[in-house]
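There are 2 protein chains.
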Amino acid sequence: MKNQDDHLNHAIIEFYEKLSSWEMAVVKDNGFSLPQVHTVEILGLNGPMRMKELAEKIGVTTGTLTVQIDKMVKAGLVLRRAHETDRRSILVELTDAGQVMFEEHDKLHMQLTADLTVNFSEQERSLMLDFFKRINNEF
Amino acid sequence: MKNQDDHLNHAIIEFYEKLSSWEMAVVKDNGFSLPQVHTVEILGLNGPMRMKELAEKIGVTTGTLTVQIDKMVKAGLVLRRAHETDRRSILVELTDAGQVMFEEHDKLHMQLTADLTVNFSEQERSLMLDFFKRINNEF
DNA sequence: AATAATAGTTTGATAGTCAAAATATCTATT
DNA sequence: AATAGATATTTTGACTATCAAACTATTATT
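Residue numbers (this note's numbering), protein chains in the order written: chain A, 1 to 139; chain B, 140 to 278.
None of these hints come from the bench; they were simulated from the model.
Nothing here was measured: the structure is a model prediction, and the numbers come from that model.
Every residue gets a Cβ at the ideal spot worked out from N, C-alpha and C, and that includes glycine.
Take the hints with a grain of salt, since some may be wrong.
[What the hints assert, rightly or not] Every beta carbon over 10 angstroms from chain B, so not counted as near; a handful from chain A, in silico:
1) Gly31
2) Lys52
3) Thr62
4) Leu79
[Stated by the list, open to error] Now the stretches of chain B that chain A is said to cover, found in silico as 3 or more residues with beta-carbon under 8 angstroms:
5) 150-157
6) 189-198
7) 248-261
8) 267-277
[Unchecked claim] Which residues of chain A face chain B? A few of them, derived with a C-beta cut under 10 angstroms, are:
9) Gln4
10) Asp5
11) His38
12) Asp106
13) His109
14) Leu112
15) Ala114
16) Leu116
17) Asn119
18) Phe120
19) Glu124
20) Arg134
21) Glu138
Construct the complete structure from the given sequences, taking the supplied hints into account.
Have a look at this one:
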């Protein structure tokens, strides 16, 4: 059903736009820049990661990421660690302070998720999780 | 169920991150900047809008938006129109070329949505739409 | 009528970004 | 094992995006 798909598509875009807005507002409040929070979010969720991989996930060049990570190292949020097998590569990981920041930020997301699904039944919430998991796997 | 909610939360964040990545990649390919595409997307979805409102949705100050809209006017994507009742306000709306760009971009989103839900039944897709609508209303 | 609040623009300083060049390391071919 | 090509990261210089604050014009409040 074409029209139905159109609605789903637009609902997804609307959701994305609203989440972006929310994230921007949250980030501005706590004094860090959006790329920094984004980085903390990705590392917190996925664990240590190579520069290249991280740059792709964030959507910037590695050159841009280098200067961002420099700042975050200075701020004590992340650290650079040697890759075990590939000496060209560097792993970026959260420091304890970075982990704390991730958890703080994650709490805000948790609250948002709770607010958004306040009218969902236990069963609906579980179905929604299943849908998201399947969609995320298709990316 | 606390743990379940945590999973839903993280699945949502993962979805958001992946969609961001996708959007970045798409935008870079077609030569426009992310804020410009973002603006076209919002105007195409919501119709004409005041500067203030648009700035809030995008997550920038009105000063920043002014220069962005200047560029987009020059590029022929949007135009400024007087507000009917409030002479302080200005409505920004898509030109025909802007509308075309919106539809082109929307097609890419449509394709992505179709790809992501390729394994969904008609019923699941409809349920997913219902979930997104309810969530969007809670924002 | 005066004052405060709001919408938008302009400006100067700061931060973010990219492309291209440079360095170091890894992989593949001969 | 030697060479050539590919890959990961950093550095650099130019450009773009961003904000905060000052400014203009209009509307709302008292």
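Each hint, compared with the structure:
{"no.": "1", "hint": "Gly31", "result": "16 angstroms, holds"}
{"no.": "2", "hint": "Lys52", "result": "14 angstroms, holds"}
{"no.": "3", "hint": "Thr62", "result": "14 angstroms, holds"}
{"no.": "4", "hint": "Leu79", "result": "22 angstroms, holds"}
{"no.": "5", "hint": "150-157", "result": "holds (count 8)"}
{"no.": "6", "hint": "189-198", "result": "holds (count 4)"}
{"no.": "7", "hint": "248-261", "result": "holds (count 11)"}
{"no.": "8", "hint": "267-277", "result": "holds (count 9)"}
{"no.": "9", "hint": "Gln4", "result": "7 angstroms, holds"}
{"no.": "10", "hint": "Asp5", "result": "7 angstroms, holds"}
{"no.": "11", "hint": "His38", "result": "8 angstroms, holds"}
{"no.": "12", "hint": "Asp106", "result": "7 angstroms, holds"}
{"no.": "13", "hint": "His109", "result": "5 angstroms, holds"}
{"no.": "14", "hint": "Leu112", "result": "8 angstroms, holds"}
{"no.": "15", "hint": "Ala114", "result": "7 angstroms, holds"}
{"no.": "16", "hint": "Leu116", "result": "5 angstroms, holds"}
{"no.": "17", "hint": "Asn119", "result": "7 angstroms, holds"}
{"no.": "18", "hint": "Phe120", "result": "8 angstroms, holds"}
{"no.": "19", "hint": "Glu124", "result": "7 angstroms, holds"}
{"no.": "20", "hint": "Arg134", "result": "7 angstroms, holds"}
{"no.": "21", "hint": "Glu138", "result": "5 angstroms, holds"}
Of the hints listed earlier, there is not a single one the structure fails to meet.
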